[in-house]
Structure formats: structure tokens, C-alpha cells
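Protein chains in written order, with the numbering used here: chain W, 10 to 427; chain L, 10 to 427.
The set of hints was computed from the structure by calculation and includes no laboratory data.
A hint or two may mislead.
Remember, identical chains collapse to one label, so a pair may be satisfied in a single copy or spanning two.
Claimed, not checked - Straight-line alpha carbon distances no greater than 30 Å define the calculated DSSO-like cross-link-like pairs of lysine-lysine that follow: (1) Lys184 - Lys312; (2) Lys236 - Lys203; (3) Lys416 - Lys277.
What follows is the residue order along each chain.
There are 2 protein chains.
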Amino acid sequence: MSIHDEMLLLARQTKEAGRVIANLSTAVKDELLKNMAAALEGNADRIISENEKDLSAARDKGLAPAMIDRLVLDEKRIGGMADGLREVAALPDPVGEVTGMWRRPNGIQVGRMRIPLGVIGIIYESRPNVTADAAGLCLKSGNAVVLRGGSEAIFSNSAIGDILQGELERMGLPKAAVQVVRTTDRKAVLELLKLEEEIDLIIPRGGEGLIRFVSENSRIPVIKHYKGVCHTFVDASAEFAMAERICINAKAQRPGVCNSMETLLVHKDIAETFVPQIVDAMRDEGVEIRGCSITREFAPQVKKATEEDWHAEYLELILAVRVVDGLEEAIDHIQRYGSLHTEVIVTRDYGNAQRFLREVNSSVVMVNASSRFSDGNQFGLGAEIGISTTKLHSFGPMGLEDLTTRKFVVLGEGQIRQ
Amino acid sequence: MSIHDEMLLLARQTKEAGRVIANLSTAVKDELLKNMAAALEGNADRIISENEKDLSAARDKGLAPAMIDRLVLDEKRIGGMADGLREVAALPDPVGEVTGMWRRPNGIQVGRMRIPLGVIGIIYESRPNVTADAAGLCLKSGNAVVLRGGSEAIFSNSAIGDILQGELERMGLPKAAVQVVRTTDRKAVLELLKLEEEIDLIIPRGGEGLIRFVSENSRIPVIKHYKGVCHTFVDASAEFAMAERICINAKAQRPGVCNSMETLLVHKDIAETFVPQIVDAMRDEGVEIRGCSITREFAPQVKKATEEDWHAEYLELILAVRVVDGLEEAIDHIQRYGSLHTEVIVTRDYGNAQRFLREVNSSVVMVNASSRFSDGNQFGLGAEIGISTTKLHSFGPMGLEDLTTRKFVVLGEGQIRQ
Numbered sequence: 010m011s012i013h014d015e016m017l018l019l020a021r022q023t024k025e026a027g028r029v030i031a032n033l034s035t036a037v038k039d040e041l042l043k044n045m046a047a048a049l050e051g052n053a054d055r056i057i058s059e060n061e062k063d064l065s066a067a068r069d070k071g072l073a074p075a076m077i078d079r080l081v082l083d084e085k086r087i088g089g090m091a092d093g094l095r096e097v098a099a100l101p102d103p104v105g106e107v108t109g110m111w112r113r114p115n116g117i118q119v120g121r122m123r124i125p126l127g128v129i130g131i132i133y134e135s136r137p138n139v140t141a142d143a144a145g146l147c148l149k150s151g152n153a154v155v156l157r158g159g160s161e162a163i164f165s166n167s168a169i170g171d172i173l174q175g176e177l178e179r180m181g182l183p184k185a186a187v188q189v190v191r192t193t194d195r196k197a198v199l200e201l202l203k204l205e206e207e208i209d210l211i212i213p214r215g216g217e218g219l220i221r222f223v224s225e226n227s228r229i230p231v232i233k234h235y236k237g238v239c240h241t242f243v244d245a246s247a248e249f250a251m252a253e254r255i256c257i258n259a260k261a262q263r264p265g266v267c268n269s270m271e272t273l274l275v276h277k278d279i280a281e282t283f284v285p286q287i288v289d290a291m292r293d294e295g296v297e298i299r300g301c302s303i304t305r306e307f308a309p310q311v312k313k314a315t316e317e318d319w320h321a322e323y324l325e326l327i328l329a330v331r332v333v334d335g336l337e338e339a340i341d342h343i344q345r346y347g348s349l350h351t352e353v354i355v356t357r358d359y360g361n362a363q364r365f366l367r368e369v370n371s372s373v374v375m376v377n378a379s380s381r382f383s384d385g386n387q388f389g390l391g392a393e394i395g396i397s398t399t400k401l402h403s404f405g406p407m408g409l410e411d412l413t414t415r416k417f418v419v420l421g422e423g424q425i426r427q
Numbered sequence: 010m011s012i013h014d015e016m017l018l019l020a021r022q023t024k025e026a027g028r029v030i031a032n033l034s035t036a037v038k039d040e041l042l043k044n045m046a047a048a049l050e051g052n053a054d055r056i057i058s059e060n061e062k063d064l065s066a067a068r069d070k071g072l073a074p075a076m077i078d079r080l081v082l083d084e085k086r087i088g089g090m091a092d093g094l095r096e097v098a099a100l101p102d103p104v105g106e107v108t109g110m111w112r113r114p115n116g117i118q119v120g121r122m123r124i125p126l127g128v129i130g131i132i133y134e135s136r137p138n139v140t141a142d143a144a145g146l147c148l149k150s151g152n153a154v155v156l157r158g159g160s161e162a163i164f165s166n167s168a169i170g171d172i173l174q175g176e177l178e179r180m181g182l183p184k185a186a187v188q189v190v191r192t193t194d195r196k197a198v199l200e201l202l203k204l205e206e207e208i209d210l211i212i213p214r215g216g217e218g219l220i221r222f223v224s225e226n227s228r229i230p231v232i233k234h235y236k237g238v239c240h241t242f243v244d245a246s247a248e249f250a251m252a253e254r255i256c257i258n259a260k261a262q263r264p265g266v267c268n269s270m271e272t273l274l275v276h277k278d279i280a281e282t283f284v285p286q287i288v289d290a291m292r293d294e295g296v297e298i299r300g301c302s303i304t305r306e307f308a309p310q311v312k313k314a315t316e317e318d319w320h321a322e323y324l325e326l327i328l329a330v331r332v333v334d335g336l337e338e339a340i341d342h343i344q345r346y347g348s349l350h351t352e353v354i355v356t357r358d359y360g361n362a363q364r365f366l367r368e369v370n371s372s373v374v375m376v377n378a379s380s381r382f383s384d385g386n387q388f389g390l391g392a393e394i395g396i397s398t399t400k401l402h403s404f405g406p407m408g409l410e411d412l413t414t415r416k417f418v419v420l421g422e423g424q425i426r427q
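Taking the hints into account, I'd like the entire structure generated from these sequences.
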């Protein structure tokens, strides 16, 4: 069978299975996820021995230690996957919710009911825990899922897929509802991305290269997240202690993630005092500063920032600092260099807080809080399937609700149109 | 300038203008739309004389009379466009609405605020009234718009565009917020469809050929609507008089539109009585019937339906009729042959009504009402920008709200992440 026919067949089976999953009760879906969690724990030995095959191939290929670390599955990480499934089981089911119903002059009632999207395709790299996490979120929201992990995790992903499918079968449900693509042929991804009749949404999870590749080759809608160039603007009226606390947390608490701060903007009226203070505090945290010329007037030891620094997603202990004329220039800088991820203002001024909230068009806009809160779990959405920095369908951290859509429901009593 | 550079420049100007439109108050937007309405009426002579150029070119090219009729702009149609703008001005402004706000355990408040998408691209055919209608809906929802009509309406569309831009300028607003593409080079569309950094959403309006072309060539998300193969299922418990009234209305009141009925499904338990009754009633309306073999048992004069009839969007006085075993088979038929547009059940059975509402996965699902109600205006959404039969972002008739997205807003008091 050609790779085209193989992927088409697989996706058609998944679509068919999706019709069954869409109509399951919440109780059955929750039982399924809890059974899957127990099965992962019960089969930990098998997962670990399959994972060992991936690890030894990775070592043979000379993969970087950080990459290898991401690949490792041990008892603890398998327990983490199982707990993740139990947490998703405990979340409210978005399917069937009627998000409003109104009566028209002719008496028909019109409402909107939340329904699953159908089939979700997840294209991801290295971390094999995504296999279980994504399957859980898709099933709970009534969707079937096609999972295409990286070739470096093929044994681990296949083992996890087998275990999840075993639980579907044990409950009399179609195992095609969770499909792990088992060919490592790179053409498989290209074929999947053409199947717009079978797959409703593609979510790529991985580096910018993977996301661009998927986005450029997909006929199916893609929800994407290129990078997080997050800004914090310290306004003239900011309380210095709060501003310092928020900036240090946003930069240094976990610099390698997309919601950490990359550029600090400081109002010119407080630059003389605040710049030396924050530069010192950042230095104590081991953060290297790259500043604009005004920043360097007040902190001469700071390295000069170049145009690239304003675009940079460092993901490490480096921070770009720019002094701006005020709110207007801060917003302009964010519009020009930002990536629509998360932006913060620290201020005591009500009007500036409101304007920042209204006018900054990123997916998350905050007043007086660390950008590190920009996360589905922190927002109370439950586990996160991804984060979108494009505006269609979802914008920002995505939870279960973002794996659904709404149809119109109309209740009549024989009305006809005049 | 190359067509690529020309479209890129135009789209960049539109994006820049979009930032201004996004932050306008509702009052200013409403004033703008009312001024535009008055300007269209005040310049009716100019529009009509430009329209005459399109009409004479169309006659020279030998366009079909129906096509020419769609092109015509007279005082009445110009008045209709103006009224359309005034109606949009009277609709509530979706921008800025906070659709929920909740408090997290650490005290941060998290909410979602509705914001414009940015720049909408509309690709449409023949009817020049779309130029004003779409511009009004995009502006009211805080978006800028690039309008690319068909070459057969280029003089009419350009004249309308000039008048709308004149009103933007008169109010000190950037005229690039409403851009009519004035080149008739077909490459212009292909170039526009690549500008994913500048244009946030493409809405094609026209025949299936146009929509497929746009969808296959776009790097920008497309909201599409291929066709409307709408079904009515008359259940065993249906009240015959109501069922007949609904079916006649759904088929014959305006057969040429996408929400008219194309296939009637009849429960086998009532086929012997209901099939002859509805066939007679349809004949009185001039409707040609194509039936399955059971239909033809009870109405022998009926033409035999072929497999193509179940797929057909007739858009004229033809109806396919099939007798089904019951609800299950009706739903299966709809899943297999439907186009995810609008499906109706006529029933007195509560359980069947609920199951139909829940399990049929089309964008509009109705109980005891004519499919002809499937329309943004009829649903109370105000003017309709289009209808989506794909699930991402919007599903079903689209109003102003569907031209927006939601960002997260977070109100803190100095919280940092532990």
C-alpha cells in the first residue's frame, strides 16, 4: 500500500471512530481515561523497555543530552502521564453545553450547542508524554485523534498507543479513535496534511521549524504558535518593589519557556532610578542585560542592544532593556517586535492599565502580574493542548473548549418562513 | 511595480489602518457607517453611470441575463446598500465585550475580551452590493478590509470604494481601512492569498469553483461554504399538516438559495400515507420528485432517483425523496450525503427530537421549523457576512461576532509564579 493510501485509510478509520466518540456520555469518557491511566501504570515495564530502544538509538545517533533527557520515560514520568489523564477526566465536559438560547419574534428558539471538532491531528517532536496527554484531551472533548510523533520516539509512542487502544477495545469502543502513525517515513506527515475531508484541525507541537513546515504544507486549518517574545512595561507610576518582583519572576523563574520575559520596557521618567535597580537585581540572578543607549546612560556596564535583540526569543538568562517615552511608545514597540504572546504592564495608573488592556493586541495582556502565569493550567482551563498566537478559532492558551465548535440548534413549533 | 509588490503594499497599508479602526469607539464607527450610507445615496448618479460601464461590457461579452441582473445597480439597490449600512450601525458592537472573568486561587482575575481579527479579505463575484455590505460589517467589528470583486463589476466596485474611502478621509480616518483592489489581473488574488502576515482571514463569496480556488491557494485561514444539501426528516410521529407545511416552505418558497431543502427523508411507518400526500402537494407547487424504490411504490408516477440525486444541490424545483427505516438511518443518510449546512426533523417524539439535535453534526439542526430560517438575519445575528460549513472558528451563519476573536486579560496585584 502506498503511503498516501495508508494515511488515507488510517484517517478514514479515525473519522468513523470519531462519530462514536462524539456521542459518548461524559461518564463513559471519564471511565475510559481512568482505565487508560491505570493501564499505563500497569504496563510501565513494557513502556520503559520500548523507550530503551529509542534511547539507545538516540545515543547511537549522538543526540544532544537535553534531547535525550526529553525522550526518557521512567516510572515517575509514566505516573505523570497517568495523573494527567486522571486530571483531564476530572475536568468538566464541554460537549453538549448550550452557550445561550434566545427567542425570535416568530417564536422559534435559537441556541448554540458545543460539539466536538471531529478528528484532531497532532504533529509533535521528541517528548513521548504528548502521546497520552493529547489523546486524553482529544477524547474528553469528544474527538478522535491522529498522533504523529518524531521518529526518535517511535517505539515509546507505539507502545503508549497500543496500551491506549487496548483500553478502547476493552470497553467496546473503536480503537481507531486513537491512532499513532507507526511509519517513520517523513512523507506520512505531508500526506496527512492533505486530508482536509478527514481531519478537522492540525496542532503542531515543537520547534519553529516544525511549525513552519506544517503550516506551509497543510490544507487543513493549523493552530500555531511560533514563539514568545514577551514584554513587561514598567510605567512611571509603578511601585518599584512590585515591578522588580514581577520582572525577576518573569525573566528568571524559568527562562527556557515561551511565557518568560524577553524585553523590558521602562518609562523614561523613572529610568534614572529604576534602571540601575533592576540591572543590579537581574545581575544577582545571573541575567545578562542588553540595553538601549538611555539604559546604558544609567547602567554603563550594560552591553549595547542591537536591532536583533528586540526581535529575540532568548529562552535563557538574557534580557533586552529599552527606555521608552511612555505608554504610546511601549505599545508601538510591542506591536512592532512582539509575537502576539503575552505582554505585561506594571502601573498604579488606572487609565494606563485600561488603555494597555484594550490596545495591546496580543493573546494575553496583563496588569501587575508575571507573564509566567500565561498558561492554560494557571488560567484554570485545565490541561493545555497548546497555545495559539494566531487569531482564528483560538487565541492564547487552549483548553478543552478550544477542541470544540458550536452548532446552531433551533426549536420550532411548525414555523415557516414568510 | 510588480503585482506582488502592489498587493503587499496595499495589504500593509490596510494592516496599519486596521490598528486605528480597532481602537475606534462605537459612536465613531456608527457615525462613519451612517455617513457612508448618506454618501452612497448622495452619489447615486455617479454609481449608476459607472455601473453602466460594467453593464455594457457584460452585454458585449454576452453574459447570461441572470448574471447581468445581479450586476445592475439602480436607485433602489443603492438605497438597499445604504439601509444595510444603517442596520449594521444599529447593531451592538462586539468589540471590548468581556465574555467572562474568574478569580484564580492566587487572586489574579482572568477574563476574555473580544477584539477585532485585524484585516479581513473578501473575494467575491458579480454582485457589487457586497462591496458596501462587507465593508460595513468589517468596520463595525473593528476590522480593516481588502475587497476583491470580480472583473465584471470593476467600475461599480471602484466607484463604491471611492465613496466609502471619501467618508473615511472626511472623518480623519485612514482611507486604507477599506481597500478595493482595482487591478483585474487574476494574479492579484493569488498574491493576496499569500499575505498571511498582513491578512487574518479570507472569506470567499461566490460559486463552488471560486471557493475551491481560494481554499486551495490560500496560506491565510479561509472560512468557506461549498454548498447546501439540506435534509428534512419526517418522523413516524410527525403531524402531517405541519410536516407538509414545513416541507413545502423548505423546498418551494425560494428554491435557489442554499438553505432550501434538497432531500426529504420519510419514516417507513408513515410512507404509505405521507408519501402520496407530499408528492401531490409538491406537484401543485411545480416540484419534480425523484424517489427511492419505496417512494415509487406509493407514488408510481415519480421518477427514479439515482445515487447522484442524494448528493445533489438542485437549487431549483426538484426534490429527492427517500424512505428510511427510522431515525438511525435518517442520521446515517445525512452524515453520508449532507454538506453540514442545515437539517430538520419534524416529530412529536421528545426523545427523537433530542437525539437528532445532539447527533446530527451539521452547522444548523432544527426541530419542527423550515430550513429556510437558517440565516443570520432570521437568527437575530444581524446582517450576515457569510455562512461556514467548516468547523474551525465559526460554524453556520456568521454575524459580527464571528469577525472577532478573544484575547485573555489578567488583572493582578503583584502576583508572581511560585
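Could you check the structure against the hints above and give me the numbers of any it violates, in ascending order?
Failing hint: just 1.
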